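The chain contents come next:
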Amino acid sequence: MPEIIEKTLSYAESVNAALSRALEERPETLLFGEDVAIPGGVFGVTKGLRRKFGERVFDTPISESAILGGAVGSAMFGRRPIVEIMWADFALVAFDQIVNQAANVRYVSRGALAAPLTVRTQQGNAPGACAQHSQSLEALFAHIPGIRVCMPTTNQDAYDLLLSAIWSDDPTIVIENRTLYHGAKQPVRIGGPVQAVGGVGLRRSGSDLTVVTWGAMQHRVLAAAERAAAEGIDAEVIDARWIRPLDLDSILASVQRTGRLLVVHEAHTTGGVGAEVVSRVVESGVQLTSPPVRIGALETRIPAAVQLAARVLPGDEDILGAIRRVAHDVPAGRVEAMPAGAR
Amino acid sequence: MPEIIEKTLSYAESVNAALSRALEERPETLLFGEDVAIPGGVFGVTKGLRRKFGERVFDTPISESAILGGAVGSAMFGRRPIVEIMWADFALVAFDQIVNQAANVRYVSRGALAAPLTVRTQQGNAPGACAQHSQSLEALFAHIPGIRVCMPTTNQDAYDLLLSAIWSDDPTIVIENRTLYHGAKQPVRIGGPVQAVGGVGLRRSGSDLTVVTWGAMQHRVLAAAERAAAEGIDAEVIDARWIRPLDLDSILASVQRTGRLLVVHEAHTTGGVGAEVVSRVVESGVQLTSPPVRIGALETRIPAAVQLAARVLPGDEDILGAIRRVAHDVPAGRVEAMPAGAR
Amino acid sequence: MSQDTLLASLEVMHRIRETEETISRLRLSEDIVGSVHLCNGQEAIYTGAVRALDLGRDAVFPTYRGHGWAIACGVPPEAVLAELLGRASGISGGRGGSAYFTAPGYGMYGENSIVGAGAPIACGAALAGRFDGSGRVALASFGEGAMNQGAVHEAMNFAAAMTLPVIFLVENNTYSELTPTRDVVRNDQFFRRASAYGMAGVRFDGNDPDAVRDAVADAVERCRNGAGPVLLEAMTQRIVGHYIGDVQHYRPAGELDAAIAAEPIARAERMARAAGVGDTELAALRQRVVDEVDRAAQAALSAPLADPATVEEHVYA
Amino acid sequence: MSQDTLLASLEVMHRIRETEETISRLRLSEDIVGSVHLCNGQEAIYTGAVRALDLGRDAVFPTYRGHGWAIACGVPPEAVLAELLGRASGISGGRGGSAYFTAPGYGMYGENSIVGAGAPIACGAALAGRFDGSGRVALASFGEGAMNQGAVHEAMNFAAAMTLPVIFLVENNTYSELTPTRDVVRNDQFFRRASAYGMAGVRFDGNDPDAVRDAVADAVERCRNGAGPVLLEAMTQRIVGHYIGDVQHYRPAGELDAAIAAEPIARAERMARAAGVGDTELAALRQRVVDEVDRAAQAALSAPLADPATVEEHVYA
Ligand SMILES: Cc1ncc(C[n+]2csc(CCOP(=O)(O)OP(=O)(O)O)c2C)c(N)n1
Ligand SMILES: Cc1ncc(C[n+]2csc(CCOP(=O)(O)OP(=O)(O)O)c2C)c(N)n1
Ligand SMILES: [Mg+2]
Ligand SMILES: [Mg+2]
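Residue numbers (my numbering), protein chains in the order written: chain A, 656 to 998; chain B, 656 to 998; chain C, 805 to 1121; chain D, 805 to 1121.
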């Protein structure tokens, strides 16, 4: 276990540092995917790793079933593959290998085999991206028992959660976000013990309502929370960075204090993980002072033009409006604005 | 539009009757998939259609991407394809064609093109079926704007909903259930106007709690509701047969009367459509007398042995227990019994 | 080929056949439930292939039609039967059932119920071998119908591009469930597809365990020498339905009779007789296996059912 | 080939190139945002292919690298530019952007941003043609890297098995994004894969619009005669990065220079000169197109943005 040092890194560099450490410390790791090795990744995230680690890092054909199947098979035989699916949208051409294959290995063999693989992918909208390169699909992964799912947002989490995923003996999906890769550098603690899977990040303490969020969306949530604070609404913001397992206890503890719940995610509202959060909370019997609210993408496809996509995805105003609504129990807002047909 | 006549049909025969009518009345329909034509389907559902309708009904290679892509493409060009994906689990080898292709056709072309295709599939556990042939995956489909999803359970619905799907100009997934195909014959009204997409089925009126369910599971729900009635609990049972669009108004109207909500489905609880139902209801602000409860499959893979699968899927006792719990606000039950790690 | 080898193959094939026949009976009596895919008629493939493998390091990836592979790999018939009967002593403790059990202790790394999905997983096993020094060869076996599945294509290209030691073994029984596979392809000589990937492709008589052994042994040698993957096409016929209960109305008149005349056990017995083995000896050999499988069935039937209290184990580490 | 044809091709290729150059400038100025894939160097493929098609009934299914296809099909540069600029007048009203617009009115049935996904959809278009009496041929175009995607394999087998009138046109620019495609296959002569499906496969110079036209015309004829699908492999090079901003450090020294020397516009101009066309005439031709595209850009830039109030339209019927 390397000593803890602090470095100033971008999100992409944090991911790279985690990969580098994993490849260094655990000789059973492999890293492969489209363009990840010699080119260093289409986002430059895996730069230098091929040079450093040789043929344990390699480029593949454009064959997601082969990539994911290769991960499942090599993981069954003692390797610890880390594979990249360039966009979460592309996982759908090979979703079988995750849901029907990786998720079952341990179960059917009663632990005689395992599939300790990590799928690194990234998702969400970025300016100009089309409907096939913009979806937030964590709900599809998170519905599957046997799979772990996390969504790191801070540079520190980009490092920490990826290592937790790689160290985990379960198939784990790490969903990054390309709009974060080359953002601001931040001090990141590198080295030290690898954390166990699970847990939330408290991004802002507050007493008036609990906002549960994850992924890049939380930057907007935090901005909206500051604006709300100026209006006298003190929002607690929780980053539910592990989507599965979901740390319900931490969320409940907060909601118990605030009595109000807002969930904000970039994914479409209907069938999104927000529904799971709301359901778990209300099932717990905790008393809510006002009805919970979810904010997600409108029930439409995601258009490429920036001003169109901006309307579809939750914006700062939408989030602020929802905070006000939950805090003051205003019976109006974006959720009701959904056309009935789209529900 | 053929005149309404009543026939005594099995579920499979009802599906067959709907297909036959569609192929008869709408010359633009096509029917294809693995073993559907000359063999008449692995469950015998499409028997006789090839003979009757010739080359509009044909067998395909074991190529789900080609089947679904062939449906998308032919639908774009004026055909009205009805394709079979033999098990919903198999859709995952070609999920791209549904989520990234079919769902986008109308949107990106602003209505210049459409994808009026119907995917018939079936899902769920049956005695002895393995983890790769037992999943209930409606949540994956229902998360996707642009897609319609229904789950017919009665023989009448097997006929009606399939026709609504075929007549619909949107890509629609009809999820049947193989354990129902060759069950009891029932009188089925054949012919008459094709219903618009959407709406619930009221399976039992009651005043003490609202049980929302769908799929084959509702037979167990109805049995449990009868047992509950003997104990003095009067459950209303709603078949939310259209999962997307979900008929929230009908559900809300019932919950408004009963003040109590239980959702029962065969799919895994976490991330299942039950979460969407619970969230929509509590977001509406309707007052609940006791916390809502969801019952679904335990958070494990589905084992093949009958006694094992029976433990994983919601059983009569589980459902009855949940009815009691919701009706009497008993703070205990299956949901809490989930191991924390599996959440 | 020596007489010993012939009789050894015959014994394995009997063991497979008797297990399948027993499963069939137990399915009809509803001791076993659900969909069951038997491999009667295809036994020579498993028997011959396993003879060419070193199961101490090699790995086999079959399909839902995998009982025969398991038996050939050495899984005791009792463990297979118990699995289908949902017993705790089943090879996967009842988790897998007929179509999805796994026996890693025997080099048999899982049936797979998704057509074609085992092929990329086998590539992963071969890939692991590149780093663990085992010299492992991975054998992915599937039907000819699976050749039209995208995952199989991706696996073949991946293995070829990376020169992975993978044997893609096509069990060409000429049917994709109830559909003649020649109706859904233009060219049903599947071994010819190998050249698309720059692989060698070989077709041979899949009812002859020695032909299978030879082809697989050649492929193993190529693989171990670092020459990369091979596509093998074993021609065979199933002499039973796709699943139990399949009445095979889709088979043209005479086809099944011809298949039964050519099936590997009858064929091997003919060869044994030609080589001088007596009817009594052949009958005794078979009877020994019948008795063995019978005892296995009794044991499996009297074993305790897998315990429902354990269903939540092994989902996560 | 007549001089008229040569100049007509040159004009189309200029129109594509100028549109791409304009897009490149607008991307660098951030009027256009996001990932943009240009087709510079591959223009002869679209130009030649469209000459062999009857867009009144035939249908083209390109990829994210589809601007050139759109222009060749007759989509006005203004409609393409406006699309990338998110204008209401964009060919898809800003819904598709650079990588996913569609122009059904021009026989161009959509870019596709999922590698290989257009191939099975093209099969569907061809299938529809079997019933609507149109005699439609569907042309699916994609890169050589897409040949390793399962969906493409399934589409080829499906089309071959059903004798569908589909042309699978591989634009072999030798790179899969930043990876040389020869590094991820064993045999990079992709046209040879055709035989696996029982199809004809042809490789030709993709920088020569006439060679492309001839190959596609032959394929169209086969298709219309009911002989089924064809696999075409057009050899080319992109002379720009995979996306705007790609510095192409992965290209060996000299490769890009050679590609630029062989690129279709320079090539066509050389041929025109050899056939006696003067430099002035060539310059005038180009200038006419430059002006045309320039006007288109101005018009697109001054058109109103697509209205956010409409984002929920056309999700369902
Ligand atoms: C992806 C997928 N599609 C369809 C099926 C249903 N299915 C099970 S077996 C089978 C036929 C397979 O034919 P073949 O590959 O020739 O193998 P055989 O059964 O003849 O051994 C089909 C279509 C499946 N299990 N998985
Ligand atoms: C299924 C899928 N996997 C990966 C990608 C990412 N991707 C976009 S373009 C591309 C390279 C395609 O190479 P090729 O098919 O040769 O076409 P070219 O870009 O050279 O025209 C890749 C890998 C994708 N869009 N879809
Ligand atoms: Mg077969
Ligand atoms: Mg290319």
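Incorrect hints may have been included.
Keeping only pairs whose Cα atoms sit at most 25 Å apart, straight-line, the calculated SDA-like set for lysine to any residue is [to be verified]:
hint : chain 1 : residue 1 : chain 2 : residue 2
1    : B       : Lys-707   : C       : Leu-1060
2    : B       : Lys-707   : D       : Val-1044
3    : B       : Lys-707   : D       : Glu-1059
4    : B       : Lys-840   : B       : Asp-863
5    : A       : Lys-702   : D       : Phe-935
6    : A       : Lys-840   : A       : Ser-665
7    : A       : Lys-702   : D       : Glu-1059
8    : A       : Lys-840   : A       : Gly-887
9    : B       : Lys-662   : B       : Gln-850
10   : B       : Lys-702   : C       : Leu-1060
Because the hints were derived from the structure by calculation, they are not lab data.
Computed from a prediction, not measured in an experiment: that's the story for all the values here.
Against the structure, the hints come out as follows:
With a C-alpha separation of about 28 Å, the suggested pairing of B/Lys-707 with C/Leu-1060 is violated against the 25 Å cut-off. Taking the CA atoms of B/Lys-707 and D/Val-1044, the gap is about 55 Å. The hint is violated against a cut of 25 Å. Pair hint B/Lys-707 plus D/Glu-1059 does not hold up; C-alpha atoms about 60 Å apart against a cutoff of 25 Å. In summary, the hint linking B/Lys-840 to B/Asp-863 is not supported, as the alpha carbons are separated by about 32 Å, beyond the 25 Å threshold.
For a cut-off of 25 Å, the pair hint linking A/Lys-702 to D/Phe-935 is broken: about 52 Å separates their Cα positions. The suggested pairing of A/Lys-840 with A/Ser-665 holds, with an alpha-carbon distance near 4 Å, which does not exceed 25 Å. Taking the CA atoms of A/Lys-702 and D/Glu-1059, the gap is near 23 Å; set against the 25 Å cutoff, the hint holds. Of the supplied pair hints, the one linking A/Lys-840 and A/Gly-887 is violated, its CA atoms being roughly 31 Å apart against a limit of 25 Å.
For the proposed pair B/Lys-662 and B/Gln-850, the alpha carbon gap of about 19 Å is at most 25 Å, so the pair holds. Under the criterion of a C-alpha separation no larger than 25 Å, the hint pairing B/Lys-702 with C/Leu-1060 is consistent with the structure, at around 23 Å.
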